[in-house]
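Q: Chains A and B, in that order, are what the protein sequence lines are. The first sequence begins at 5 in this note's numbering and counts up one residue at a time. The second sequence begins at 82 in this note's numbering and counts up one residue at a time.
None of these hints come from the bench; they were simulated from the model. C-beta: ideal position from N, C-alpha, C; glycine also. Honestly, I wouldn't trust all of these hints.
[What the hints assert, rightly or not] Listing some non-contacts, in silico: residues in chain A with all C-beta distances to chain B over 12 Å:
| # | residue |
| --- | --- |
| 1 | Val58 |
| 2 | His94 |
| 3 | Arg278 |
[As the list claims (entries may be wrong)] Cut-off 30 Å, straight-line C-alpha distance, at most; resulting in silico cross-link-like pairs (DSBU-like, lysine-lysine):
| # | chain 1 | residue 1 | chain 2 | residue 2 |
| --- | --- | --- | --- | --- |
| 4 | B | Lys205 | A | Lys62 |
| 5 | B | Lys183 | B | Lys223 |
| 6 | A | Lys52 | B | Lys157 |
| 7 | B | Lys183 | A | Lys39 |
| 8 | B | Lys205 | B | Lys157 |
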Amino acid sequence: MKDMELIEELLNSYIDGELDERKNNEVKRLIDNDKQIRRLFDSLSRYKKLMGAVASDKAPEGFCESVTKHLERHILLADTGEYHRAGKRHLVLRRLTTVAAVLVLLAMLGIVVFDIFVPKADRQKLVNSVFERKEKPQVLYEKPFAEVKPAEIEAIPVPAPKTTTIPLVVKLTLMTDSPVETDWLIGKVLTNTGLFDKTTAVERNTGSVKYVLNCSSDSLLNLLGELSFVWPKCTDATLEVGTEQAGKYITVNSVTAQQVLDICKADNYTQRVRMANDIAMINAATAVDVSKQYVAKDNIDYDLLMPNKPVLTATEKTEQLKSDNTLEQTNLTIMVIRK
Amino acid sequence: MVKFIQERLKAASGNISIDEASLVAQARAGNMDSVERLILKYQDRIYNTILKLCGNEADAAELAQDAFIRAIQGLKDFKGQSSFYTWLFRIAVNLTLNFCKKNSRVSFQSLQNELDEDAGRQLKDYLVDKKTTDPSELAAKKEVNGLILKALEKLDPQQRAVVVLRDIEQMSYTEIANTLEMEIGTVKSRIARGRKNLREILEAAVQ
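Bound conformation, chain B alone:
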């Protein structure tokens, strides 16, 4: 049977379109090469989003894998009303949010001692003062990156989801609304509240 699948993969390799719609169509028809291409196209973004939502690499890898398997297996039910990308993200985010709900760990640990003096001062300067530090330089620091992820973990899962999809995944409000199946107004209010809460958490951490 494995040999048969490998033969199918080889046979289909010469018939690939880079267009997402045709990839999806071929994947639905059982073309494993198209399936592989779809996975390769979205694996990093899906994994990154899930990691930012759940905060654990092993869980993120497992959830991402589960999301892809469900999406590919459910291709026969995909009606194309939204893009495959939105559909895949919806599956991934819902899986992750359900996972977070089941494995919620409320952390009351303060983030104040997470940064060393230098990184803390730099982040404080950046958030409070008008001193212009390059944000990419700052975020590149492992400690600052870790602090931001921990601050994200402290957010309510729904707020965390919209903040991650907007600020990290760079989705538009409409895409977020489609992915999370909610109204745009809700997306706006959740983004505002999520950012405010995150800012407060970060500012408290650098005080």
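Excised from the complex, chain A in its bound form:
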């Protein structure tokens, strides 16, 4: 079968004149000597002649013109490529403009809808929630002390000092949860300052200790300075400053060590009394626990509840009265009481 295919291929090539001279001669000899191959050759020759005689069709009329017209159209289109690109750019620009216009219209429509449907009261809230703005804490109370500029205080005329010296008499009452420890500390301070010997009386009762001592003003200041270490052990402290009227005291509640020191450092009686009065008033004012009134309210900035503490202003002019009181005798009573 393979041989027959090969022979057919050779015969076809022979008929088509595609063989070289040697193969051509071999095929010719084969055709002459083999009747079957001869018949096949005749058949192939006839077929080839028939196919060669098949009529050739000509291109339809106007074929060339049609092709050139198409080519011209292609050339025209190619030449207008830049215009096409420009057109495309223009189209894209128009579309973008349209989209932008639509967005603007939508935004305007949104504003109108917002204006119509959202109540005015809720607008700020809504806007804040949209833009995640932190809302300022709402003030639910009026400030107990209005923030007003302190008025110019005219100089208070202070009466001229009396020539007679009124001794410093102070009673310091310390309320504590640990009276023993406080007592021990006071004892140690008295020992360290060398005033233990000047203690005229020490009364120890259940839940209370009382020290009474007479000393110089400097020693007293020294002692009070040292006593500042006792304050952390105390829950409350009260200072009573003696006046010129016997048995009458100016009571300063919730006094601090520094305040005690300041009062006792006063140059003279008048200043001392005035300072004691002022500090007493300040402490009384700050002792009002305003926060208790609002503690039930939630979400309130606690700092805002605190009233402004009154302070002694520098404008309050006082006449500086100088006197040498370093040798002034003082009387100090310290009471330690269990709370």
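Dock chain B against chain A, hints included.
A: Below, chain B without anything else, positioned relative to chain A:
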């Protein structure tokens, strides 16, 4: 723009060479007259080959036109390694074979009743017997011509292509190999098988 092209055509009309290479060169340079001459030179052969391959006149005209347009537009890519004629035929045959692949219609219809008694007998005598009938006379008969074309349609497209290029277009084996971009051995075997199949189809039709 059309006016400009017409002016270009007129300007180039006095500068034409009949040599294919110079025609191609001028066509590549944009000379529309050379383009027209190239089309006129090959239009019948291209159309005829395509018609024999696809078997439909309208399709053949469209494919031929498409082939010329592609060839002229692709002239800038034509490197001259083969002749323009081979290159043009390659484009045309490839286009047609792709078209046939996409629009393949397998016909199982017998060709036995395609010929009248007289034409059938004459064709049978010619193919089987040794009676010498003039093949050109026979092929000139419209029915016989139609039968041959239908028989060609029944061939495998690749075999059909080599048979048409060889027996109708009278291309050499080398030209066929260049056109279809295949080995000469393949061309030989395909021609042998194609002719054998065609002969069998025709003989069956005249039995």
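Q: Compare the structure with each hint and give your call.
A: Going through the hints against the structure:
1. Consistency note on Val58 (chain A): stated as away from chain B, yet its beta-carbon is not over 12 Å from all of that chain's, at 5 Å minimum.
2. Against the 12 Å criterion, His94 (chain A) stays outside the reach of chain B, whose nearest CB is about 21 Å from its own CB.
3. Every beta carbon of chain B lies more than 12 Å from that of Arg278 (chain A), the smallest distance being close to 110 Å; the non-interface claim holds.
4. For the given pair, Lys205 (chain B) sits about 28 Å from Lys62 (chain A) by alpha-carbon distance, which is consistent with the 30 Å threshold.
5. With a CA separation close to 29 Å, the supplied pair Lys183 (chain B) and Lys223 (chain B) stays within the 30 Å bound.
6. Of the supplied pair hints, the one linking Lys52 (chain A) and Lys157 (chain B) is violated, its CA atoms being roughly 39 Å apart against a limit of 30 Å.
7. Between Lys183 (chain B) and Lys39 (chain A) the alpha-carbon distance is near 45 Å, which puts this suggested pair outside the 30 Å criterion.
8. With a C-alpha separation of about 51 Å, the suggested pairing of Lys205 (chain B) with Lys157 (chain B) is violated against the 30 Å cut-off.
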